[in-house]
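From just these sequences and the hints, can you work out the full model?
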Amino acid sequence: MKLKTFFLVALLSVAINSAAQEIPTGDLLVRNATVLTITNGTLENTDVLIQDGIITAVGEQLSASQDVPVIDATGMYVMPGIIDAHSHIGISNVNESSAPVTAQVSVGDVLNPYSIAIYRALAGGVTSSHVMHGSANVIGGQNETIKHRWGLLDPDELRMAGAPRTIKFALGENPTRVHGRGNNKRPASRMGVEYVLRETFAKAQRYQEAWAQYEENAKTNPRAIPPAYNSQLEVMANILSGDILIHCHSYRADEILMLLGVLEDFGVDQITLQHVNEGFKIAPELAEFGATASVFADWWGYKFEVYYSTAYNAAILTRNGVLTSINSDSGELNRHLYHEAAKSQKYGDLSDDEALALITINPAIQLGIGDRIGSIEVGKEGDLAIFDRHPLSVYAINQKTVVDGIVYFDVETDTDDMRLIVDPESTVDTVVLHSHDDTHQCLYEGSLDLYDFLESN
Amino acid sequence: MMSIFYSLLIAVTLLFPPSLEKTDTVTALTNARIVTVTQGTIESGTILIQDGKIIQIGMNVDIPEDARVIDLAGLSVYPGMIDSGTQMGLIEVGSLPETRDASELCDLSPQMKALTAVNPNGVAIPVTRVSGVTTVLTVPSGGMLPGQAALINLHGYTPQQMFAGFEGVILRFPATGRRGRFDSRSEEEVKKAADEAMKKLNDTWDSAELHNRIDSTYQTRPEDGRKPEYVPSMEALRDVIRGEQTLIIQVNAANDILAAIEWVQARDIDRVLFSGLAEGWRVADKIAETGIPCLVGPVLSIPTRQSDRFDKAYKNAGLMHAAGVKIALRSDDTANARNLPYHAGFATAYGLPIEEALRAVTINPAEIFGVSDRLGSLEVGKEATFFVSDGDPFETATTIHHVFIAGYEIPMESRHTRLYEEFLQRSPGLHKHGQD
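So the sequence lines, in the order shown, correspond to chains X and A. Quick note: the first sequence uses my numbering, first residue 488, plus one each step. Quick note: the second sequence uses my numbering, first residue 8, plus one each step.
Any given hint might turn out to be false.
So the derived list for chain A, only partly shown, Cβ under 10 Å to chain X, looks like this [unchecked claim]:
| hint | residue |
| --- | --- |
| 1 | E174 |
| 2 | D190 |
| 3 | D246 |
| 4 | R249 |
| 5 | Q252 |
Here chain A is said to cover these stretches of chain X; the calculated rule only asks that three of the stretch's residues, wherever they fall, bring their Cβ under 8 Å from a Cβ of chain A [stated by the list, open to error]:
| hint | stretch |
| --- | --- |
| 6 | 539-547 |
| 7 | 771-778 |
| 8 | 785-793 |
| 9 | 824-835 |
These are calculated hints, taken from the structure and not from any lab test. This one's a predicted model, so the numbers in the text were calculated from it and none came from an experiment. Ideal Cβ placement from N, Cα and C applies to all residues, glycine included.
Structure representation (structure tokens):
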């Protein structure tokens with residue numbers, strides 16, 4: 488074997504090894520539960536069978552081979568694993584706030600499988616999170632959709648392979664504060680935000696055209712010169728071609744209408760609006776565009792752009808035909824998204840299925856994975872949360888959380904201390920006192936620390 | 008003459024919208040399930056209220072002929088919930104300094120009174136009270152001695168009308184814990200800051216005690232004493248030292264709680280409450296021994312240590328109660344103080360007996376704040392401050408139907424409900440006003 492070939496084969500086998508890295512999956516039979524399928528109603532005394540991480544049967548008195556682990560869920564409620572469409576857990580950085588456009592960076596590069604926040608989310612029945620870049624920039628970095636496979640230590644094993652790429656945009660107070668007020672750089676106003684969007688999309692269009700031209704030329708001219716590669720415009724071009732979904736931090740009705748106008752002009756037809764506290768004001772326009780919304784159940788009042796809010800937002804959007812989810816944006820709130828859904832049900836009389844869809848199938852659709860998770864159906868991935876009571880009750884406690892057919896959280900058998908790592912340089916047990924402002928991670932996005940900002944003003 | 012009469016009438020009508028009118032007329036709430044909290048539950052009974060007070064409660068109550076009758080068949084009456092820690096009325100929009108009146112500049116400003124800065128028209132007030140939370144402690148923040156908290160009812164046109172009869176001096180006890188996950192100070196820096204703060208606290212208290220001694224001497228023997236200098240902060244602390252004013256100590260980490268207990272005993276402070284107590288469960292026995300009542304919360308929060316079980320914050324109130332600590336719950340929130348019943352619900356789900364959770368948002372805080380002659384339970388002679396629900400108020404799906412505060416029937420609306428009414432079916436919808 489020639490040396491060159493040897494290296495090539497060696498290199499190839501390394502590549503194959505890492506590509507073929509198997510995400511563990513399990514078999515599981517959940518017996519005799521009240522199954523909240525979300526998409527096919529509620530089934531009493533029903534079993535759910537998962538094989539190799541995939542739901543293969545939902546029905547009464549299912550049979551499985553002897554070696555399949557069985558959970559007796561008599562008297563319990565089984566729902567699809569909860570999906571958090573807006574989170575910042577499990578990453579070591581949130582913002583690359585050095586410029587108003589940072590499309591080329593990705594939080595997927597800083598996944599931290601040791602973050603205890605992943606386990607705590609699991610404890611609340613959450614199986615997937617859309618881990619997002621912060622809101623410091625008009626066009627921020629790319630996000631990562633992860634599954635909460637607590638205990639797997641390779642960051643890549645957290646990724647939900649095959650989930651569409653998504654990117655964070657942000658309008659309003661945060662980017663204008665960070666760049667305009669903080670660095671004396673555009674945008675300092677909502678006018679500037681529109682300008683940054685239009686300028687960047689226009690450049691991306693030119694970039695796309697230049698590459699298309701080159702590829703055309705290359706067919707006849709083997710010596711055709713390609714345009715300069717630009718990692719930022721490459722990502723922007725992927726947005727234009729529909730390969731990357733936009734999730735835009737936005738609050739006010741006017742700025743959202745501005746964004747829809749920009750997207751229309753550049754031919755982008757998919758958008759999920761994040762937070763969108765004033766979405767209720769323009770629900771007909773959102774429905775007409777086909778925009779979807781991911782909102783808080785009841786957070787408001789923490790800054791001016793959420794002063795004119797209503798906890799009935801999810802209900803108004805839903806009734807007007809806007810696909811809506813409830814997200815956490817918080818390492819505290821994500822532990823009780825089922826309770827957040829219950830509040831959204833209370834404020835506007837949603838049905839049980841409508842309320843639970845806010846934290847299951849709807850966020851799945853917004854993340855482009857509605858065909859894989861978000862409901863209990865044959866063929867979908869085996870992600871479940873098993874509650875002792877109906878999950879819309881304030882007294883409900885999640886008993887077990889299942890990802891890919893494997894139980895990753897068990898309220899009975901898990902020890903108190905579930906850390907995967909102990910920092911040898913820290914004191915034995917550091918006490919962190921969390922305040923509301925602290926758990927609200929969006930407030931901290933950007934270069935200004937709100938705590939210091941408030942304290943110093 | 009008549010025109011003056013009518014304009015006066017109109018003026019009065021504008022000032023007091025009919026729904027908020029409190030008259031001598033008796034209001035009878037009939038066929039209600041009455042959860043008195045202190046005297047059991049009446050499955051079907053009547054409450055008579057007049058002039059802002061409860062005048063009768065029972066199964067067989069004679070209803071005066073001219074009484075206004077509200078039939079509450081199928082509904083339950085509970086005493087108004089009390090949130091033992093908010094910044095209601097002090098903060099309108101969290102991030103806007105112009106709308107925040109919770110903090111003064113000095114580290115030591117115990118003479119500052121939250122009641123002074125309460126805005127009776129704060130938008131969060133109606134949002135909160137329609138949830139059944141009728142009364143809140145509103146608390147200044149910032150610095151070591153940020154000022155005096157005030158107990159307020161969530162109805163009134165002036166702070167004085169809202170005042171519910173209790174004020175207490177806040178002390179933010181020197182903390183060895185980190186302030187949230189963005190606190191990047193080193194271990195040494197944290198300890199140094201806490202040591203310095205402790206020294207400052209003791210120096211301040213030494214001065215206050217000295218000031219008190221000088222003043223006491225002067226009061227008893229003005230002829231041979233000297234009048235103490237005018238130092239407003241010292242006067243505020245003097246009231247605490249003399250046991251005429253309550254000291255509310257905000258403290259969270261286990262070691263800090265122990266240090267606070269030691270400090271309270273060393274300084275011989277009579278009227279004292281603890282507030283926060285995120286790690287109260289770790290030293291619950293020690294707190295119970297002192298008999299110091301605790302304003303605990305928020306329940307919906309993250310455990311203080313990475314090694315702690317995921318549900319420790321939810322269990323904290325129940326564990327403290329089990330150890331014998333008298334507790335009241337606080338949301339530590341303002342815009343969403345309306346979620347107090349859900350803090351109680353989570354505490355219940357994770358071990359606090361439901362009767363105790365109910366007491367922790369009603370009679371316990373009323374007793375702790377010394378206003379149980381007015382608030383905290385449904386009893387004859389107390390203020391008519393209560394809410395009517397279609398079930399367990401801690402359960403999320405439960406709807407609150409009526410709220411009364413000191414006899415005033417509160418309109419069941421807020422910015423949130425009004426926006427819902429306006430925008431559920433917006434008119435015009437799409438494409439009107441001459442646009443395509």
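> Are 3 or more residues of the stretch 785-793 of chain X near chain A, judged by a Cβ distance of less than 8 Å?
Replying inline: Contact hint for the stretch 785-793 of chain X vs chain A: holds, 7 residues under 8 Å.
> Regarding the hint that A/R249 lies at the interface with chain X, is the smallest CB-CB distance below 10 Å?
Replying inline: 32 Å, violated
> Is the shortest C-beta separation between A/Q252 and chain X less than 10 Å?
Replying inline: 26 Å, violated
>> Verify this for me: three or more residues of the stretch 539-547 of chain X with a beta carbon less than 8 Å from a beta carbon of chain A.
In response: violated (count 0)
> Does A/D246 meet its interface restraint, that is, does its C-beta lie within less than 10 Å of any C-beta in chain X?
Replying inline: The hint is violated - A/D246 has no Cβ within 10 Å of chain X, the shortest such distance being about 28 Å.
>> For the stretch 824-835 of chain X, count the residues whose Cβ lies under 8 Å from any Cβ of chain A; is that count three or more?
In response: With 7 residues closer than 8 Å to chain A, the stretch 824-835 of chain X meets the three-residue bar; holds.
> Given A/E174 was flagged as interface, is its beta-carbon under 10 Å from a beta-carbon of chain X?
Replying inline: With a closest approach of 23 Å, the A/E174 hint is violated.
> Counting residues of the stretch 771-778 of chain X with a beta carbon closer than 8 Å to any beta carbon of chain A, are there 3 or more?
Replying inline: That given contact holds, which follows from 3 residues of the stretch 771-778 of chain X lying within Cβ reach (below 8 Å) of chain A.
>> Take the shortest C-beta to C-beta distance between A/D190 and chain X; is it under 10 Å?
In response: Holds, about 7 Å.
Checked against the numbered hints given earlier, the structure breaks hints 1, 3, 4, 5 and 6 and satisfies all the rest.
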